[in-house]
Structures are given as structure tokens and as C-alpha cells.
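Given chain S, work out where chain V should sit, using these hints.
Protein chains: 2
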Amino acid sequence: MDYSQLKKPALLFDEDRCRKNIRAMVDKAARHRVELNPHFKTHQSRIIGSWFREEGIGKITVSSLRMARYFYQDGWEDITIAFPVNIRQSDQLDDLAANINLTLFVNNLVAAQQLDQHLSNPVHVYTEIDTGYQRTGIPHKKLDAIERLLDHFEHSEWLEFKGFYTHAGQTYDATDNEQIAEIHSLTLHRLNRLKKRLSGKYPDIRISIGDTPSCSISQNFAGVHSIHPGNFVFYDLNQFRISSCSIDQIAVALACPVVSRRPERRELILHGGAVHLSKQFELTKDQQPYYGLPVTLETSGWSGPWSNSHLRSLSQEHGILKCNKEQFNAYEVGDLVGILPIHACLTCNLMGHYVSLENEQIDHMEEAAYVDE
Amino acid sequence: MDYSQLKKPALLFDEDRCRKNIRAMVDKAARHRVELNPHFKTHQSRIIGSWFREEGIGKITVSSLRMARYFYQDGWEDITIAFPVNIRQSDQLDDLAANINLTLFVNNLVAAQQLDQHLSNPVHVYTEIDTGYQRTGIPHKKLDAIERLLDHFEHSEWLEFKGFYTHAGQTYDATDNEQIAEIHSLTLHRLNRLKKRLSGKYPDIRISIGDTPSCSISQNFAGVHSIHPGNFVFYDLNQFRISSCSIDQIAVALACPVVSRRPERRELILHGGAVHLSKQFELTKDQQPYYGLPVTLETSGWSGPWSNSHLRSLSQEHGILKCNKEQFNAYEVGDLVGILPIHACLTCNLMGHYVSLENEQIDHMEEAAYVDE
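Top line first, the protein sequences correspond to chains S and V. Going letter by letter, the first sequence gives residues 1 to 373 in the working numbering. Going letter by letter, the second sequence gives residues 1 to 373 in the working numbering.
Here chain S stands alone, though its shape is the one from the complex (with noise of 0.2 Å):
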């Protein structure tokens, strides 16, 4: 990497480590004989889709209608959108269902009947079922609103009822490796209560999951059809709080202009705020919000983060970086600093697109022209 080039914050992106996470993920569901349906809004990418695509996948999760025709225009051509339908974007899906297979979340009655009055395509339907994360989705214990739903889908002349789809969100703010697990095999052990309950008239009713902490650290994924966790293609600062990841697994650092340094605080000021990195945050050992923990920019990629140092505050372009001694001392105004990100998403997201270590710009959604719903 040469770094010379770089002017402004930079969102750089360890190709290697991202194929690494990828693969290991496409070799776990493997091993599990689970499918893996990725989720695209991590990365938003038509490159590191690609990628996929390399590995066998040929199934993919978004998180919106816009996401869901940005990879179809790049011929991804069996989708989930990940999120409760939007019934005021029935005819946008409609449109969509003409051309590819097309899966939609429906947890509702009012949801249901207004898609079959407005659909002229099939389109699958997932039904979420809340495990405990209490997001959305049917509480797990209604059996009758389950059933109810169930019903409508039987005689409903589009909406072909595929399973069960839950996000066990709940392991984001796991304090380890053991809480992801408990949480995980509770979601589990409630779905398959759950489908046992209604295999008598529902015989073939598909469990996915995805959580990237369950998805990471699990090896039992009993009675799961398929996956679908998005933020392992690069992992971040929150994923390796919760012994999800590595801090080596991280694939993404953004790069930040040192503009100004305050040696009597021992901190330098960074072009890299909340327009790059998003407000996200962990807490220090004190209890005190930080944005980021900052690395050392190489040529072939970054450091593991610096002791004692961290990204304590955040304004719309400024990051305030506290340090220890030696990195402050050894940092001048003009230089770069590596940021790691607190979430992935959310940087990726507000950052538009990404520099490889080889300097090549790689794709992400918001940097294309505007994608019309």
C-alpha cells in the first residue's frame, strides 16, 4: 500500500482477511449442512459480492428494496429482504417479484392482505419470530397469532409461506463468548419448540438464523435450514468485545489525517468524525464512551490497536484520539492513523466506498448513483 495518495479519510479494506471471513463461514454451513444466505448490507458491495458468488453462494439477504435492485441489476437473482415489508412498496416489490425469486418478511394480517391485493407475483414469505431479542417480529409463545398468520398463508394466492426467520440481536451486547452461546442455544431450542408445535399441519417449515455472533462461535446449528449473518465479511470492534472475532479478522481500518495534535492532553486531532465512522460506541474500562481504538498504518495493512489509547470523542468531521506516550510522540500533523471501526455496518454505510491494499477503489452501494426504488 502506498499511502502517499490517500488526502482525506479513507476506508481501507484488507481484501485477504475479508475472503478469510468469507470462506470460513462458506465452510462452516458446509460442514453443518446449513445454507448460507448471506446478508449484503454489511458490505453493500457488488465486488465483495462477487466474491461470493466465486465460493457457490448464490442466495442473498438484504435490508431494503433499494439494496434488493442494486444486486439484482448486478444479476443476483434470489433475494431476501431482510426487514418487515413495507407495504407502501408493494408495487416496487411486485416489479421486482417479475424478475427474480423474491422473498419478503410478513408478520402480520394487515401486511399479508394488502400484499395479496396488490401483488400479481409470487414471492416467498418468511414470518419472524421474536426468540427473545424483542425487536419485531410474533413473540415466540403466540402460538395463535403464529397460526393465525399460518392460515392466511394457505389460501393466499401469492405469498408462498417458506419458515421461521429470527435475528437474535441479543448477542451484540453479549459480555462473551459463553452469554452468545446460552443465547444462541435458547433461540434454537425455542424455534424447534416452536416447529414441532406445528409440523402436524406445517411439515416442512424452514428455520434460518444469522446473528454474526452465533454464526461465528456456534457448532450446533440442529434443525436450521439456513444462515444468513452479514457483518462477518469484516467483523469489528463490537464483534471482538464479544469474542466473536479476532482482532486480526477485522478487515477494515479507516485512515485518518492527523490536522492537529494537544500535547498537553496527549491527543491528536484526526480528520475521520461522525459523517465517517457513525456515533456507535463501546465503553472503556471506565464506563466512558469510545468511537474507535486506533492502529498503525503499514504497507501491507495495520497494526494490532495501540495500548492505552483510544477515540474518545466525536464531532461531525473531528475525532479526538488519546494516546499514550509513545504513539503521540511519534505522530506528527500530516500523518495517517488507522481507525478500527465500533460497527462495520455503519462506517461502511456513511463511507460510500473502499481502498484495497492494492489501491484499488471497490464499490459500495451509496457511492453509486442514486439507485431508484
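Note: identical chains are not told apart, hence a pair may lie in one copy or across any two.
Calculated cross-link-like contacts (lysine-lysine; reagent style BS3-like; alpha-carbon spacing at most 27 Å):
id, residue 1, residue 2
1, Lys322, Lys141
2, Lys142, Lys322
3, Lys20, Lys59
These are calculated hints, taken from the structure and not from any lab test. Given the structure is predicted, the values throughout are model-derived calculations rather than measurements.
Chain V in isolation, oriented as in the chain S frame:
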């Protein structure tokens, strides 16, 4: 406003409120005989910029070279880049300085020397003074460091010293109006003392300040030459919390489709997440984070915030809205809820364009084809 055409999250924009906010600040600056150099980083819009032109404003402030180029291409010829100069961009800054009256922030000798070597066009220079925010600039008491820098400018071929610039950003964390007034008063005191101490050798030092809270509530601008507030064009819930604005001055709201309902928790699930609003939050009375407040969308704009309701959690695309009983019962899947943002600058930056209450698209730099630096 005809909401039937809104299919996905859209940033609604109340032109009346925005123009009133602009006019109030223009009037205030005139009344206090300070020059208004509005910060355009909040709106990043050529159309909104044109409304300042209509009010007679000719000099503007931005936060990056990219933004400076965006507005230069729209005909603005006097631009301050209010961010410590990034010397890796010296050549591009020089190109811009050939065409416009460019002001940079130079806070240290390294940057000054680098610019001397690379520029071939004159630029004006502000030096940032830290009066207590502890972000950038030279601490106000470090007279030696300040004088060394000013002496350097005296002998510089290209750097023409203009004065001191201070962003008292600690007002954004104030608890109320009185605390803003105290911070502002101390800021002025420190800057004027510094100016006086240096007045023998430098009689023409200009003082520029401009956090939105101080500019909004203060009636004292003694010694100030110019102000550069930005957020006031829209205001937001952060400004409202600290009494820098009234709730009726907030000029943007995110329209979010309801995609699910969770009766057992009285929560509406919205399409409207961290990629729309940003993860900036405020705290409820119970010290829980919230990411926005809901309002009812009406033909002519929107209501005040619902009682006992707040956006309690954000994922990448999801927003979880805790509701009072009445509002929960009034909303069905497919309806739209308005969300007042915590920090308008970040929300606007993420959304990339605005929709006026007359259903017109208003530009934002992020939506423009990639603006090269």
C-alpha cells in the same frame, strides 16, 4: 403535503420554519453589527444556500474541502473551511484558493510551514483558540504558542492572518439556557482578553465565534467581528433540550413507514434506523437513551411531540417507537410517523436529500454525483 407518494423514509423539510430561522439570525447579526458567515455543514444544500443569498449573505463557512468545492461550483466566492487544515490536501486547497477568497484554520507551525511550501495563492488564516471545549485550537492561556504562530504568519508569503476562531461546543451539553449564557460569557471574556494582550503588535485581530446555542440565545457579542452558526437553520431535539430553540422552530422531520406493531409492548416498528437518523441520542428522565421523538404528520407540517413516547432503539434500518396508548391504537401498518431528529446535521448528512412540504426535492451534497476533491 400529499403523503401518499412517500414510499420509504423521507426527510421532510418545512421551508417556512427554515426561512424564519435564517431571517431571525440575519436580523440578529445586523442588530449586533456582527458579520454572519453561516455554516453550511448542516444543510449542505445549494437551494437552502440560495435563501441566504437572498438575505444578502455572501461569505460562508463549511467543514471540508469537498463541501467548499461543492459551494464554489455554485458560485460562492468567500468560503472558510472551519476545520484544522489537512495539509495532505495542500495542492487541492491551492487550486481552490486560485479561484476564491479562501480562509483556512492554521493552529500549528507544522501546518503553517507546509502550506508556505505548497501554496502559490494567498489564503486567509484563522487560528483556533480553545476557550474550554477541549477539542481543537491552542488553549487560550498559551500566549507563547499563539505569538510564535502569529510571528510566523507575519513573515509568510501566502498566509494572511485574520484572527481567532472559537467553537464553544460545550454549549451543546449544557443543561439549560443559563449555562449556555455562562459558557458564552466566559468565551467572550477569554477571547477579548487575549485580543487585548496582543493588540500592541496585532491591532486588527478579528474574533469569530458561532456555536448555535450561544448565537441563538445571547444578546452580547462584545468584541466579536463575525459569527458562523450552522445548526440553527433546522435546529433539533438537542437544541430544544438545552433551550436554544422552541419545538416549533425545528424544521426537519423524518417520515417513517410503520412496518410492524407490537401490542404487548405498545411499540411501533418503523422503517427509520441508524442509517437514516444516526446513533446520536439524548437521555430520558430515567436516563435511558432515545433517538428521536414522534410527531403526527399533517397536511401543513407536523404536530408537537406525542406525550410519553420516544424512539427507544435503533438498528441499521429499524426504529423501535415506544408509544402512549392512544397513539399506539391510532396507527396501523403502512401509516407514516414523523420523527424529530436528535442531531439534524447527522440526519441530513445520512439522508442525502430533503422533501419539502410542497413535495419538492431539495438538494443535499451527499446526493450529488460524487464530488471530487
